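Participant: Please model the complete structure; the sequences and the hints are all you need to start from.
Letter by letter, the chains look like this.
Protein chains: 2
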Amino acid sequence: MDILHRVGITSSPEEVGAALTTIDGLSRWWTEDTDGDEAVGGVLRFRFLPGGFDMKVLDIQPGKLVRWEVVDGPEEWIGTHVQFELEQVDGYTIVLFRHEGWREQVEFMSHCSTKWAIYLMSLKELVETGTGRPAPNDVQISNWH
Amino acid sequence: MDILHRVGITSSPEEVGAALTTIDGLSRWWTEDTDGDEAVGGVLRFRFLPGGFDMKVLDIQPGKLVRWEVVDGPEEWIGTHVQFELEQVDGYTIVLFRHEGWREQVEFMSHCSTKWAIYLMSLKELVETGTGRPAPNDVQISNWH
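Line by line, the protein sequences give chains A and B. Residues 1 to 145 in this note's numbering are what the first sequence lists, from first letter to last. Residues 1 to 145 in this note's numbering are what the second sequence lists, from first letter to last.
Just so you know, the hints here were simulated from the structure itself, not pulled from any lab data. All values reported here derive from a predicted model rather than from experimental measurement. The reader is advised that the hints may include incorrect statements.
It does not matter which identical chain is used: a pair holds within one copy or between any two.
Subject to a maximum C-alpha distance of 25 Å in a straight line, what follows is the list of computed DMTMM-like cross-link-like pairs (lysine to aspartate or glutamate) [what the hints assert, rightly or not]:
1. K64 with E107
2. K64 with E104
3. K56 with D35
4. K56 with D138
5. K64 with E15
6. K56 with D90
7. K64 with E14
8. K64 with E75
9. K64 with E125
10. K56 with E128
Facilitator: Here is the structure:
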């Protein structure tokens with residue numbers, strides 16, 4: 001079971017790619033507390049107040065694709081895959097997002113789906129305006145933040 | 001295949017329910033161009049610039065559940081179901097949203113998933129502040145609006 005999203009960013013795939021493949025870029029739309037090894041085969045550490053995620057970088061095709069495997073984090077996330085596919089259409093870079101391989105449609109999956117949408121809008125804002133809304137200043141959606 | 005979301009609204013289930021079951025409420029967070037018959041068995045008409053959706057109201061359990069069937073609209077939507085389940089937790093009314101029964105993971109499904117998140121945040125804003133962001137003044141996410 002997969003979470004799917006699609007946003008369009010008025011920018012080049014290279015600029016969107018930079019926001020998805022560098023510690024600096026990632027820390028400016030997802031969570032400020034980001035570190036690790038951004039190369040293919042490396043592990044990225046994303047931390048939030050309640051915990052976080054370690055992502056192994058499985059594939060980077062510059063300006064086209066970024067694919068991660070969740071190697072540590074909440075039990076429901078471990079072994080799932082996160083993918084950003086980029087394509088250019090009408091002056092936009094379209095981001096086709098997938099968080100694949102959820103084993104059950106738990107309430108936490110619903111929360112993560114909405115929250116991914118919020119973060120993808122933060123990515124869009126970062127690339128278009130220079131300023132995103134990464135955690136801990138992200139848009140709060142519920143009692144689960 | 002389903003789109004799932006979860007938002008929490010600092011308000012009572014009754015107030016959230018009113019925004020989900022009346023033409024007035026619905027027109028203030030989803031699309032201003034809303035009419036039809038809001039009773040169970042009735043059909044609600046939601047219109048946007050590029051088209052719209054007709055929803056048969058299948059079930060209303062006040063303060064608990066709203067369930068619609070898509071009876072007209074884009075081909076991918078026809079026959080799918082939209083459900084809002086409400087529960088009270090920690091001073092929030094949690095909205096568990098499902099748009100169920102997509103036949104294929106088409107790009108339009110990804111778009112609708114992100115857009116539903118945006119509209120659910122509009123619902124949250126409406127109920128919490130009195131002002132939502134229904135179409136045509138909704139937040140634009142891409143070349144597909």
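Participant: Could you run down the list of hints and mark each one as holding or not?
Facilitator: Hint check:
no., hint, in the structure
1, K64 with E107, "between (31 Å within a copy, 16 Å between copies)"
2, K64 with E104, "between (29 Å within a copy, 23 Å between copies)"
3, K56 with D35, "within (12 Å within a copy, 49 Å between copies)"
4, K56 with D138, "within (24 Å within a copy, 36 Å between copies)"
5, K64 with E15, "within (11 Å within a copy, 44 Å between copies)"
6, K56 with D90, "neither (32 Å within a copy, 35 Å between copies)"
7, K64 with E14, "within (9 Å within a copy, 46 Å between copies)"
8, K64 with E75, "neither (29 Å within a copy, 29 Å between copies)"
9, K64 with E125, "within (20 Å within a copy, 35 Å between copies)"
10, K56 with E128, "neither (27 Å within a copy, 39 Å between copies)"
When held up to the earlier numbered hints, the structure conflicts with 6, 8, 10 and fits the remainder.
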